[in-house]
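Undergrad: Using the sequences provided together with the hints, build the complete structure.
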Amino acid sequence: MEEIRAEFSRIYDTYNGKIYRFIYLKVESREVAEDLASEVFLDAWKAFQKGQNPEPKIKNVQAYLYQIARNAVSDHHTSKKFKTVSVEGHMDIQDTGDPVEEQAAISIEIERVRGVLKTLKDEYQDLIIWKYLDELTYPEIAQITGKTEDTLRVNMHRAMQALKGRLEPGVTPEPVLGT
Amino acid sequence: MREKDIIAKFTILKQIEPRQEWVRLTKQRIMGVPIHERFGFIDIVSYPSFFRISNLSYLVRKPAFALAAFILLLAGGVALQVTNQKLQNGLSLAEEEYQDTLASLELAQAQLQELRVAVEDNDTEKVSLAVKSFEERNAQASKDFVKLVENSSKKALQAGMKLVQLQKEKSQLERVLGTTLGEEKNEELENATKTLIEQELSDLENRTLTEEQQQLFAEAKAAYDDADYATALEKVWMLSQ
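Each protein sequence line maps, in turn, to chains G and W.
Per our numbering, the very first residue in the first sequence carries number 3; after that it's consecutive.
Per our numbering, the very first residue in the second sequence carries number 165; after that it's consecutive.
Do not rely on the hints blindly, as some may be mistaken.
EDC-like mimics (lysine to aspartate or glutamate), calculated; alpha carbons at most 20 Å apart, straight line [stated by the list, open to error]: (1) W/K178 - G/D15; (2) W/K332 - W/D390; (3) W/K168 - G/E111; (4) G/K133 - W/D285; (5) W/K191 - G/E5; (6) W/K334 - W/D285; (7) W/K349 - G/E30; (8) W/K178 - G/E33; (9) W/K178 - G/E113; (10) G/K120 - W/D169; (11) G/K133 - W/E167; (12) W/K168 - G/E137; (13) W/K178 - G/E142; (14) W/K178 - G/E137; (15) W/K168 - G/E33; (16) W/K191 - G/E41; (17) G/K120 - G/D136; (18) W/K191 - G/D15; (19) G/K166 - W/E167; (20) W/K191 - G/D45; (21) W/K178 - G/E5; (22) W/K334 - W/E270; (23) W/K319 - W/E354; (24) W/K178 - G/E111; (25) W/K358 - W/E375; (26) G/K166 - W/D169.
A few chain W residues that don't get close to chain G, going by computed Cβ distances all over 12 Å [claimed, not checked]: (27) L266; (28) R280; (29) Q329; (30) T343; (31) Q379; (32) A391; (33) T395.
The set of hints was computed from the structure by calculation and includes no laboratory data.
The beta carbon of each residue, even a glycine, is placed where N, CA and C say it ideally should be.
TA: Here you go:
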């Protein structure tokens, strides 16, 4: 049991930041992101405990975590129970040691880019997060999504086309961007 | 805008991070913390069922085990002595934590004073440095206080009062600066303060209070009900004097 605990502890330490960020970029507030990320790791822990004997059931932990995170976000968006949660402007960013004014400017820029990202359809959002924030390779993304690498490359190209011009300073993101 | 520029824009999102308290608490909640990790010396979870008192009746039916039983009882006595010693060590640990918290609070207080002077002098370079130092020290003081409440609430009231004073002065300076110093809301700290007040109010409820004390108690309770924990703690502290 201690070995399982230690192994999952390592998994948690490695992925909690990525999974939290993945969810945070798709929901309305820090609180919701924390709730959903907690659910993801709780589910993963239960599955991890069940699957340990006689051999590990979860072959690719990273892909598994992202899959349940996607489901959690999807359930959240379709569920009514979270719809009354207030939107909070506060954001957690790395302490870069910059002065307060610079930190504030970074927060504003992050919020703007996050807003632009959210105008894309979910599939494109996921691709950009995995490829450019989490720095996953196309084969790794293919393991999560079940799509071929070629399809992923085409989708990434489309996502980039859709984004052109939308990240210029001063441009307000439009609510919906198509395919 | 070229693809390269778009990608560069998105990399700013890498700076998004979860709160460290959330990371720690979620891990604890999900995986649980073994008892020995929490108390350091009593491992109740791994205590074998063989040593349970109910099993001793078995020895009456099997006299051949009497010597073994005697040895076990003797070992138990020794273990109890060791545990008592460790409990005493635990108490001195509480005192140590209390002193640590007071030291952290004093450091934070001194840094706040330094920041105030830098603001008055309009020295932007010093302000930036002092803000960062104060945020670190204030976070440390809050962390130490939370730990103190968890492990030794009796010692926490005095430290809590100092912390409330520090937060008041911090708020005053935030109004001058027009910005927030550190986290806008520290839930862990708020929960610890709430717990401390609840314990103190519960203690006070069982005591005989003078008319003046009853008034203070009512004010503390009202502030607690309004989630104004700083005022509630202040009133409770006044009652304890």
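Undergrad: Does the structure keep W/K334 and W/D285 at a Cα separation of 20 Å or less?
TA: holds (18 Å)
Undergrad: Are all C-beta atoms of chain G more than 12 Å from that of W/T395?
TA: It holds; W/T395 is separated from chain G by about 24 Å at its closest Cβ, greater than 12 Å.
Undergrad: Decide if the proposed pair is consistent with the structure: W/K178 and G/D15, CA atoms, cutoff 20 Å inclusive.
TA: holds (17 Å)
Undergrad: Checking one constraint from the list: CA of G/K166 to CA of W/E167, max 20 Å. Satisfied?
TA: Within the cut-off at roughly 8 Å; holds.
Undergrad: Does W/L266 really sit off the interface, with its C-beta more than 12 Å from all C-beta atoms of chain G?
TA: holds (26 Å)
Undergrad: Regarding the pair W/K358 and W/E375, is the alpha-carbon distance no greater than 20 Å?
TA: violated (25 Å)
Undergrad: Check whether the Cα positions of W/K168 and G/E137 lie no farther apart than 20 Å.
TA: holds (15 Å)
Undergrad: Straight-line Cα separation of W/K178 and G/E142 no greater than 20 Å?
TA: Holds. W/K178 to G/E142 sits at ~19 Å (cutoff 20 Å).
Undergrad: Straight-line Cα separation of W/K191 and G/E41 no greater than 20 Å?
TA: Satisfied, since the Cα-Cα distance of roughly 11 Å is no more than 20 Å.
Undergrad: Given the hinted pair W/K178 and G/E33, is their alpha-carbon gap at most 20 Å?
TA: holds (19 Å)
Undergrad: Can the restraint linking W/K319 and W/E354 be considered satisfied, given a maximum Cα separation of 20 Å?
TA: holds (17 Å)
Undergrad: Please work out if G/K166 and W/D169 have their alpha carbons no farther apart than 20 Å.
TA: holds (10 Å)
Of the hints listed earlier, those the structure fails to meet are numbers 4, 15, 21, 25 and 30, in rising order.
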